[in-house]
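Asks: Here is what each chain is made of, one letter per residue.
There are 2 protein chains.
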Amino acid sequence: MSVASRLLVDVHTHVYLPRYAALLRARASVPFIRTTTTPDGLSEDRLLILDHEPSGGRPVGPQYWDREEKLKFMDKHGIDISIVSTANPWLDFLPASQAHTLASELNNDLEQYCSTSPPVTSHKIKRLYGFGLLPLVPEITTSALLDVVHQIGSLPHLRGLIMGTRGIGKGLDDEALDPVWAAIEKAGLVVFLHPHYGVDGSAWGDKDNGHVLPLALGFPFETTTAATRMILSGVFDKFPNLRLLLAHSGGVLPALSSRLASCIDHDPIVVSRLKQDARYYLGKLYLDAVAYGPEELGFVSDVVSRAEGFQSGSATRSTLNRSVGSRRMLFGTDHPFFPPLSSSEKWKSVSVNLEALADVQGWSEADKDGVRGGNAISLFNLEN
Amino acid sequence: MSVASRLLVDVHTHVYLPRYAALLRARASVPFIRTTTTPDGLSEDRLLILDHEPSGGRPVGPQYWDREEKLKFMDKHGIDISIVSTANPWLDFLPASQAHTLASELNNDLEQYCSTSPPVTSHKIKRLYGFGLLPLVPEITTSALLDVVHQIGSLPHLRGLIMGTRGIGKGLDDEALDPVWAAIEKAGLVVFLHPHYGVDGSAWGDKDNGHVLPLALGFPFETTTAATRMILSGVFDKFPNLRLLLAHSGGVLPALSSRLASCIDHDPIVVSRLKQDARYYLGKLYLDAVAYGPEELGFVSDVVSRAEGFQSGSATRSTLNRSVGSRRMLFGTDHPFFPPLSSSEKWKSVSVNLEALADVQGWSEADKDGVRGGNAISLFNLEN
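Taken in sequence, the protein lines are chains U and V. For the first sequence, counting from 1, position 229 maps to 229 in UniProt numbering; every step adds exactly one. For the second sequence, counting from 1, position 351 maps to 351 in UniProt numbering; every step adds exactly one.
Derived by calculation from the structure, the hints in this document are not laboratory data. As the structure is a computational prediction, the values presented were derived from the model and not from experiment. Hints are not guaranteed to be accurate.
The list treats identical chains as interchangeable, and a pair is accepted whether it falls inside one copy or across any two copies.
[As the list claims (entries may be wrong)] Think about it this way: if two alpha-carbon atoms lie no more than 30 Å apart in a straight line, the pair counts; the simulated DSSO-like pairs of lysine-lysine are:
| id | residue 1 | residue 2 |
| --- | --- | --- |
| 1 | LYS186 | LYS124 |
| 2 | LYS126 | LYS275 |
| 3 | LYS186 | LYS207 |
| 4 | LYS346 | LYS275 |
| 5 | LYS207 | LYS238 |
My request is simple: use the sequences and hints to build the entire structure.
Replies: Written out as structure tokens, the structure is:
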């Protein structure tokens with residue numbers, strides 16, 4: 001085992017690069033950053049990213065854009081390496097030409113952000129790597145998308161790309177994306193699939209529950225729907241080597257995969273179309289370990305572990321070994337979101353996830369080291 | 001242990017009583033039953049219950065309304081007792097006065113349906129019990145709702161009531177329902193919370209995936225949202241003895257309860273309002289065992305088992321014992337939905353759930369007998 005496999009690597013950590021933050025400041029409609037005055041007469045920046053943002057948006061500060069703040073956060077929590085990604089809503093709201101230009105610029109910015117970061121002590125590995133951005137908006141051309149995939153693939157510190165669930169307007173089950181999946185697969189880039197839109201807000205009712213319902217439920221519902229639609233449209237059959245990392249431990253796809261398989265089994269429209277039991281595809285995924293509890297993480301590793309047994313023509317299911325699934329799970333923090341409400345030494349959103357993975361029953365110490373960092377070192381090929 | 005605790009009891013099984021089916025036949029807009037002619041020239045009834053029903057609605061036949069068909073299904077699958085409930089969308093679409101009248105009539109019909117059913121061999125227990133209906137529609141009066149709660153409580157074979165998620169129009173976190181919860185709690189009736197509306201259909205995209213997405217994902221999302229809103233509005237604090245049975249193993253509330261607790265912890269609007277960690281309330285729930293996999297059932301029992309450890313002021317979490325959670329889980333089939341696509345001896349939707357509960361790691365044989373029937377005997381007080 002290499003020394004690097006004992007590092008702590010955060011695969012779910014966001015940045016609003018200065019160029020992106022400046023764009024948001026220059027806007028007057030969602031998404032935008034506005035400067036307001038607090039009741040105490042202090043100036044405060046607030047970020048509004050949803051059409052009906054609860055609580056007048058969320059306070060934002062240097063931790064959203066300043067690299068020193070990211071490194072300080074990492075130091076405080078013992079995080080050796082972060083694979084940073086632009087936060088939602090990425091470029092979704094821009095016209096195609098602007099999205100294309102900005103994607104290229106932001107990818108170069110992120111490469112510089114990472115390439116000039118310090119190395120991990122006694123390693124050649126840098127402390128920062130990145131997920132680039134694609135201009136996934138309506139009316140973008142396929143060639144523009146392929147250009148940017150190639151750009152990301154050529155930037156040595158970008159090891160993947162982050163994307164939302166809308167594709168170029170019709171979702172990720174749109175065949176128009178097939179050439180893009182093919183190029184991503186060929187470049188060996190990891191796709192980090194992340195929610196933004198949740199579900200229609202009328203589901204949340206009239207009560208003021210702040211951000212709780214859209215974040216706790218809407219986000220996982222959105223990720224789950226997008227990944228399920230990809231399964232149903234055959235993306236994983238067509239691109240078997242596509243490496244897809246799902247935010248928030250796959251939303252609730254792990255919890256619903258058997259129900260999904262049963263519904264498919266009972267639906268004459270769909271059952272004849274799919275090559276595999278839906279549960280098989282969960283073994284093709286990577287999932288962050290942002291699930292806040294050891295039972296959750298253990299269960300997610302179970303459904304990944306059992307996936308192979310659902311391959312067409314496979315023999316009866318073998319005894320479940322959670323270790324297998326742990327190898328596709330990767331520690332994350334969701335920084336700089338979920339800051340502590342009161343000052344504290346460490347962020348609870350981080351410590352809860354670290355404690356959760358330490359407490360999973362049935363994971364060996366090697367499995368836990370894998371989830372903490374070893375799996376990321378390997379998935380993102382960080383030793384090369 | 002009583003002999004009755006070895007019975008197989010189905011708590012999730014639906015009926016369209018003849019009076020209800022006649023109402024649907026008389027209608028020309030959703031929900032309704034229409035008679036069509038198949039390509040072979042045969043007459044076929046199809047049920048349309050959603051505004052954008054895929055596949056032209058689903059075929060329906062005597063298994064939806066004929067009691068003999070229910071008993072035959074039970075015999076074929078070794079089910080001793082069924083707690084039957086009217087299927088969605090219940091009375092949601094009716095004006096208040098009609099909903100009130102029909103609720104009372106259907107509750108009497110269901111009492112007769114159950115009370116005249118044969119006894120379980122060598123027991124005094126009948127083979128059929130029921131969940132009544134409330135006229136939960138906009139503009140209904142509280143006194144009308146209380147009247148019907150009292151009616152259900154007075155009908156000896158009705159042991160609970162089924163409801164959707166809309167309440168009287170504003171959801172189940174509406175304080176206008178407080179007198180209703182109080183009356184249900186006092187009557188000792190079990191509330192079976194069941195989805196119908198899913199989420200806004202635009203989430204499913206343009207592809208024809210039949211009923212898969214609304215059923216596999218939309219249903220659990222809806223149940224989860226409704227139960228979460230009840231937690232956030234304090235229903236379980238105000239009515240600590242309310243007995244709520246969630247369809248489909250609680251949707252994805254078990255999978256999201258730690259994320260929910262974390263989002264609450266980080267939201268200044270909500271955190272000060274709640275009396276308990278969100279995960280505590282999962283220990284107050286009952287959940288059907290309609291989850292189609294042993295890993296799913298085991299995980300659900302884990303989150304119920306750990307709930308007590310999240311009570312305010314409780315000491316550190318004790319070692320997890322899945323058995324505890326199994327006692328709040330109850331076998332169900334979802335009959336007559338999910339019929340096999342081709343003729344088969346037994347319905348796969350039934351055998352999969354029976355096999356799943358037999359295969360849960362960490363459940364003793366007594367735990368499994370409890371989930372198969374013993375828990376239902378006790379929850380519905382069937383020996384009295």
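Asks: Give me the numbers of the hints this structure contradicts, sorted from smallest to largest.
Replies: 2
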